[in-house]
Amino acid sequence: MARSSRLIAGGAVLALLSASLFAYCARAGEKPKPFPKVEILYNTLESHRAIAEALAQMWKDELHVNVGLANTEWKVYLDKMRDLDYQIARAGWVFDYNDPHNIFECWQTGNGNNRTGWSNKKYDELIEKATLVRDNAERWKVYQDAERLAVDEAPILPIYIYVNKNMLSQKVKGWYDNVLNTHPYDAIWIEEDGKVAPPDRQKLNFNNGAEPQTLDPAIMSGVPESRIAIALYEGLTRYDPKDLHPIPGVAESWEISEDGKTYTFHLRPDARWSNGDPVTASDFVYSWLRVIDPTQLPQPAEYAQVFDWIEGAKPVIHGDVKTCDPTRIGLDARDARTLVVRLAAPCPFFLNLCAHSTYYPVHRATVERHGQKWTRPENIVGNGPFILKQWELSAKIVFGPSPTYWGHERVKLHEITFFPIDSQDTALNKFLAGECDWLDDVPIARADEVKKNPCFRASPFLTIYFYRFNCTKPPFDDPRVRRAFSMAVDKKTICSKVERFGEIPLKGVCPPCGNPPYKGVPGLPYDPEGARKLLREAGYEVP
Amino acid sequence: MLKYILRRLVTAPLVIFLLLVITFTMVRVAPGSPFSSEKATPPEIQERQRAFYHLDKSIPVQFIYYLGNVVRGDLGPSLKYKDLTVNEIISRHWLPSFVLGTTAMALALVMGMTAGILAGLKPNSRWDYSSMTISMVGITLPAFVTGPLLVVVFSLKLGWFRVSGWDANGFSKDIVLPAITLSLPYAARIARLMRAGLLEVVNQDYIRTARAKGLREHVVVLRHALKGALLPVVSFLGPAVAFIITGSLVVETIFQVPGLGRQFTQSALNRDYGLTQGLVVFVGTLLVVLNLVVDVAYGFLDPRIRYD
Amino acid sequence: MSESAPVVLEVRDLKTYFRTDDGADVKAVDGASFYVRAGEVLGIVGESGSGKSVANLSVLRLLPEPPAHHPSGEIFFQRNPTQRLELLRAPLSTVRKLRGREMAMIFQDPMTSLNPFLKVSRQLTEVLEEHEGTGPEESRARALELLSAVGIPAPERRIDQYPHQFSGGMRQRVMIAMALMCEPTLLVADEPTTALDVTISAQILDLLRRIHGERKTAIVLITHDLGVIAGMAHRVAVMYAGKVIETAPVRELFKKPLHPYAQGLLASIPRLDATRREELKPIGGSPPDLRAVPSGCAFHPRCPHRFEPCDKKVPPLLEVEPGHYAACFLHPQDKPPYRGPEEEKK
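Chains as they are written, first to last, in our numbering: chain A, 1 to 543; chain B, 1 to 308; chain C, 1 to 346.
I should point out that these hints are in silico values taken from the structure, not numbers from a laboratory. All clues stand as given, with none of them false.
Derived lysine-lysine pairs resembling DSSO-like cross-links, with alpha carbons at most 30 Å apart:
#	chain 1	residue 1	chain 2	residue 2
1	A	Lys-389	B	Lys-173
2	B	Lys-57	A	Lys-314
3	B	Lys-157	A	Lys-452
4	B	Lys-122	C	Lys-119
5	B	Lys-39	A	Lys-242
6	A	Lys-122	B	Lys-39
7	A	Lys-533	A	Lys-60
8	A	Lys-389	B	Lys-82
9	B	Lys-39	A	Lys-396
10	A	Lys-473	B	Lys-39
11	A	Lys-173	A	Lys-451
12	B	Lys-39	A	Lys-80
13	A	Lys-129	B	Lys-39
14	B	Lys-39	A	Lys-121
15	B	Lys-39	A	Lys-141
16	B	Lys-157	A	Lys-451
17	B	Lys-57	A	Lys-80
18	B	Lys-173	A	Lys-203
19	B	Lys-227	C	Lys-119
20	B	Lys-227	C	Lys-97
21	A	Lys-396	B	Lys-82
22	A	Lys-322	B	Lys-39
23	A	Lys-171	B	Lys-157
24	B	Lys-173	A	Lys-396
25	B	Lys-39	A	Lys-497
26	A	Lys-373	B	Lys-82
27	A	Lys-171	B	Lys-173
28	B	Lys-57	A	Lys-373
29	A	Lys-261	B	Lys-39
30	A	Lys-451	A	Lys-396
31	A	Lys-203	B	Lys-157
32	A	Lys-173	B	Lys-157
33	B	Lys-82	A	Lys-203
34	A	Lys-314	B	Lys-39
35	A	Lys-242	A	Lys-171
Please model the complete structure; the sequences and the hints are all you need to start from.
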């Protein structure tokens, strides 16, 4: 199988080469033109500038192209990206769930995250097709075909896969490196002298990096919020702390229909809200409809589109259907402990989605009684392993174990404190002084100091760093130019000289992820000579 | 004097209104949207978000909505912190800034005035040179240098203080390092202003008169020289107090003080219109009031100034 | 004035130099000697820069040291019949206790010499409180008494006002009242009328004259205006370039000035018996630069009578006529030199 795909790839390359050779001959009479000056768009951050400078230098050295740098403020950068008002722009993508689909769907025509103007009908079809394949190994093959297309046309320049830069006190146990850098607190405990520490010292201090924008799972979207959400709430499934495959959460078991479009979840009888109420199937129906139906939430849910998969939900979420008729949405609380979910298409990673914060349940009576104030410490009711004890704005958030949680026996931590420290320097100092047990990021400027510390743990992170080409405007509307620019970049140098935390060069457009791990295609080689040739073929003057 | 204060109090709302009009328009004209994020939100959902915050209406209509709320004392919702109102954010962040700011200002006054008086009384002496050199360092060394330096020495090496933190119940020793960091540049400015003020006053004829009367030196300084020498310090203090008690971005970030300073910058970066406007109203009011206080203080210090 | 009255203040060979940044000395006072007896008014006359003000500020030690320093000189102050103090080398704390209490000073510019930030009452009463430890009420009563004595109308109201609420003449009256708070034995009036217009300055002089008449305070009256001296002083000392170049009882000096500079000064003042304006003759040239005082007699470049020795030797102050001293080579050089009041007595 592998050999045949390699054969296909080889054939494709050969065909492309001969085609370009033909184009070159056809244009032989034309006079080559000088390459226009291009500009890199990036947002204000030291590390982004360093990479932009490195790229500009490589393009100058290898392709003799003049590259300028345009540094813009974050929100302006986002606008320019959305409006395709750039030539080359830096970008990043943090995976929402552990499946290649999360990145592949981005490059579909018209996807809001595409932002390159690139459109390839065949690619779109392949991605659609993949969602119908239930077996992951088979599905990966479809993605590989799609990835090959994306590599050849190079709408983006993949650069590297991030590493998690955790600082973890050695007394923290039950914490495992993983690609989503997600660490369920019910698995964590504190060890002292090789033994489990007594309950009064089972305390974890963590720097969450920011004040959460909301504690309402329906409208939350960021990483700091999701770190809090996994303490407060629990979905039908949750992630295994080691390899991130979905394991039973509120649902103790489930069945999936033959066509992969109907999921029947069986809720555990001992699932309880923190006020003692049982967690029921209708709680999930209420909570999910709350996100799907724009009239229900006081504030619109940014991540509502993760419910697009549910039958009948997409037109409501995107406003094609003005009023939401709950009976036409594929949600059915058959009884208190049985939830039937019908999907519009077989979504092979639906169990992963069920572990996503937007899919968490909320306590209906509490939400209805307190309105927008239901997330206040005095009101909030959750179903997760921890409960909110204290919330000092911009200072700390404290959690204690929830006695009503079904897995209460398993929970060892007695107290978790989240700091919203946005200065990485302060956070690192706090860690060094023993005031903090876990940081999920460290200041790049102190890389050498950090790497020597035995508490530092680097591991691959399901987040990629890449550059977008604006495929709608010359000179990057020509795939040869995009390929040439990609092939002139030495990603290894960027990882080892500019970043320095062991970032892994990204070859194709998708890093390894999912179960079993997806293996990407080889990607474009680092080949300056070939790059220059491609530029010449595209009709540009290369000395 | 009373008439003057009344007149100023009447014009204050006008000043704040103008400030509000400018801020309100500026934040909306500035590029970038509060709802744009690295991951694309479908346009329909963004539309809904805009409608929720009335941002789909024209700016004058939005302003009338907003003004109505402000008059009722409601600064509206925060666009970023979805669980909180601007009123809540301000009311839960102003106290740490205020406590830190007043402590730092008191510290700055004590240090600055002592150094300034000693330097001003013996100009060109060794004491003068050393205190002015230190104050030059205080002015030029930014908080993002002194703060971490203090942390390294007093928290990491000596372990006297926490690296960061803030006791919600009020004063604790957590305030020491941030207050010193915040006070240093102000102390330095005050020392220089105090010295310059004294040098100018000490050469005045009336100081010679005071000495000719046989007054002891401390009476000459404290009773005769200080009042006049304080005028430049007082005019510096007005805006300085307003800024120092509404929070410092750098110091609050280094020591993670849950104050207003960071909210100000963050709200602008987040395009959190509601919070930015609310903070402008709050700080603007404070500035207007403190400037008035300074004018009144001036009147008490210098009898030649008349407000009519 | 009786020649047997005790000498209150005697300045001998006073030198007051100011060190400049380049290390050179500005010789503001360069060997000046004068004295004043109890109840006597001594006028000190000279152009600006002649050292008359600096000499008197040196007496009260009001000059900042450094830059001021005194290479030579003695200043004797008779506190009471038994105690005579040398001020130049006395501890500053001792001198301070004399200031305002036994030696008071009135300055030239009443607009700037009063503290604008303090009420008049405060500025008056603090003198008594400082020196006598008098309580606030008593001090206030004394201040009111003196304000009315110096001719301030409605003192009960005025005392609680600030200096800027007074006119220039009124302020100088306040200054005078302030100087008199402790009934000093010596009053130094440094150009007390220069900053005032003519009618006001006449009133102030009248006031000083009246005070002297009533209290018999010894007064050193510093002025550049010989006219002021004529009506008030008993003796005169004329200063030029930091030295006393002529000193005599006032009538002697006006009758027969001996030094060409004094002659020039007299010629430049309008006289009631003058017939024509042309008779007013200003002294030619300009006052000497104190950083580079001319050699010999400092006046020689401007002197109409200069001759051979004038630019080589400094003329000594000699008793050319009884009680009338001058420093000039025009006069016989075999006369006895100036030796101060003790010698005079003999």
